[in-house]
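Enquirer: So the sequence lines, in the order shown, correspond to chains A and B.
Going by UniProt numbering, the first residue of the first sequence is number 1, and it counts up by one from there.
Going by UniProt numbering, the first residue of the second sequence is number 1, and it counts up by one from there.
Read the hints as simulated data drawn from the structure, not as lab findings.
The reader is advised that the hints may include incorrect statements.
Which copy is meant is left open, so a pair is good if it fits within one copy or across any two.
[Said to hold, decoys possible] In the DSS-like style, the derived pairs of lysine-lysine whose C-alpha atoms are separated by at most 27 Å in a straight line are:
1) Lys2 <-> Lys221
2) Lys250 <-> Lys17
3) Lys53 <-> Lys281
4) Lys53 <-> Lys43
Residue-level listing of the chains:
There are 2 protein chains.
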Amino acid sequence: MKYAQRVNAMQASPIRKLVPYALEAKARGIKVYHLNIGQPDIKTPKGFFDAVKNFENEVLEYAVSPGIPELISSLQEYYTTYDMHFNNDEILITNGGSEALLFTMMATCDPGDNLIVPEPFYTNYNGFSQCVNVNVKPITTKAENGFHLPSKEDIISRIDSKTKGILLSNPGNPTGAVYTKEEINMIADIAREHNLWIIADEVYREFVYDGLDYTSFGNIKEVEDRVVIIDSVSKRYSACGARIGSLACKNKGLIAQILKLCQGRLCVATLEQLGAVELYKTPTSYFKEVNAEYKKRRDVLYNELMKVDGVVCEKPTGAFYIVAKLPVENAENFVIWMLTEFNKDGETVMACPAEGFYATKGLGRDEVRLAYILKEDDLLKAAKLLKEGLEQYVSLSKAKA
Amino acid sequence: MKYAQRVNAMQASPIRKLVPYALEAKARGIKVYHLNIGQPDIKTPKGFFDAVKNFENEVLEYAVSPGIPELISSLQEYYTTYDMHFNNDEILITNGGSEALLFTMMATCDPGDNLIVPEPFYTNYNGFSQCVNVNVKPITTKAENGFHLPSKEDIISRIDSKTKGILLSNPGNPTGAVYTKEEINMIADIAREHNLWIIADEVYREFVYDGLDYTSFGNIKEVEDRVVIIDSVSKRYSACGARIGSLACKNKGLIAQILKLCQGRLCVATLEQLGAVELYKTPTSYFKEVNAEYKKRRDVLYNELMKVDGVVCEKPTGAFYIVAKLPVENAENFVIWMLTEFNKDGETVMACPAEGFYATKGLGRDEVRLAYILKEDDLLKAAKLLKEGLEQYVSLSKAKA
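Next comes chain A alone, as it looks inside the complex (with noise of 0.2 Å):
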């Protein structure tokens, strides 16, 4: 039997296909820090929890297509504590980010047309643009950088005729980058003169350390009407099994094209969206905490990090990972070394390698990504883990060579 080219083409999951090398180490005893994926161990607020248990119909009914209207407007209220204004039919509910994502990438793009993306970006936004046969333009961003984006003719040089909007996150995953006002304006000069749609994921929106100021898109009243704002509660709330996203954007004809899309897979799921109200009714403090959790955490792995001869990477200021260069040749044969070969009192660790968060081929292949989500005493065990692991590698390779 026949499978379609564009699945067929996809590429297995880098956060998640060498998870058999980390089932093994666990079979023979070892314990596993894992710093490969982002599931923070942050409690869900427990409104969520109340909500879904409150809940007294007998019968589960579809929820209607565009959302619950008390979540439409709760996710209103939370955009204008950010001076973000959206009516409520300028909202729309999808099963996650992931379907926010997707939906907008069809409903702008046709077969053969392009989106420009920053490299490396979260790599999953290579999965859905190639099973809707949508293609990544890559705009390479660099370590050294703290992955800040290239000049504005450099950004412009990469668009061409089938060039349909700019899509990014903001903070970075997998960067941690904070894009400064002057780079979101630059961005939202080029879409107006190109004539394209920003695709703005901004999951990570809460996640700003440093004291840095934080500008979305939503912010930038000269192209409301070609911004689309992806959210999640996933990561904002530690509630990543909700499956509850978002999509806010002005022009309401992108919001009709996507609404028929909603309409087509009926609804998202009636208590994760009675449980995502009140989420997104959590009082502004919640993020405090969680914020100086967060940078506590980035501190104790970045300087261990620091501490190994040849690693590149700018303190990041967003989100909760770090992409660092190794001074190894492939960070995949590293991490796999580090699950079937090394161990130090029976523990270990898992990265994420970074290839596959690049659409350039050979970019980022001595990197990886960290997620820093383990509490701090955990973590600092992991950095510590990574640290004699990676001094180990690098002192075997010179051995051999």
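Fit chain B to the given chain A structure using the hints.
Expert: Chain B alone, transformed into the frame defined by chain A:
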């Protein structure tokens, strides 16, 4: 700003597009009986809610991408009661049957490929296929024949070099047709002879009346490497708002393809999966009761329809829909008239025009789909209102002519 052609070309949901007329009628104080949408009023088995309410983790984590093992194994056991045998790595859990269908289309068809589909068909088949650039090639079935399949030659004549599979629902939505074992074997033969996938939407498997035998495509050994079984808890357990669907396939290559899509969207909601584990453990006696209830409802609606001169339909033997040819020129106009002009003692009925369930232009214009999903006394009232409205409308039309 420009929109993608593929979504722009999608029709608005025929099931939902006339809802504004119903809302206006309600605003005028009219009670509207909804026969336009398949939202059952049957209670969701309590085990679902209990499982959700018993969740005690403090972090709502991602579930694994293929679906939680407990649900997969619960579904496996359910299948064995139908003599269908799937290994646990041959089942994937999806966001409703909708996602299962969308992923299967993506993984079997590239843009420009087509699927053979008996029409009238579940209207969202059209939407899913259009947004991933797959064409629907209809084979027309008729009210006069109870919507049974045409001859093998007729079907084969629709196959071309771009045809990748046959997609069909059994029991049929909207037709209520249950295919005979001979029809199932005919489709299986065609698929083997022409190397096609069979995408079998069997979400109404339990809704078969009059003691009829039901044959699943999962029972035909000869095509097990080319059959994808689509399922959902929505109608089966009256849990439409759970959004738990699944696909089962013994072709491990196809499962591997679709797993990449599952990994791309990360996972299906954790709590809803836990609830669904219990649904698939519901004792078979549940279906007997529900079945008897729907059979009663079908008879009520069918008997009223038969009292109107010029109505054409065979008594459906499955699902919970009737497609009826009405003695009107344009069924959509009649549905709108029922909502805007007609009422009896402040009550009226909403039906669903069937034209949107056909791919062939012009077909179904004089047909409606009616869902018999209301309690018997409400349904009888609704059926009598429909009969009365129809008779009035027909005599008004004659007076005008």
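Enquirer: Compare the structure with each hint and give your call.
Expert: Now the hints, each set against the structure:
no.: 1; hint: Lys2 <-> Lys221; verdict: between (48 Å within a copy, 19 Å between copies)
no.: 2; hint: Lys250 <-> Lys17; verdict: between (38 Å within a copy, 22 Å between copies)
no.: 3; hint: Lys53 <-> Lys281; verdict: both (17 Å within a copy, 21 Å between copies)
no.: 4; hint: Lys53 <-> Lys43; verdict: both (17 Å within a copy, 17 Å between copies)
Comparing the model with each earlier hint shows no violations; every hint is respected.
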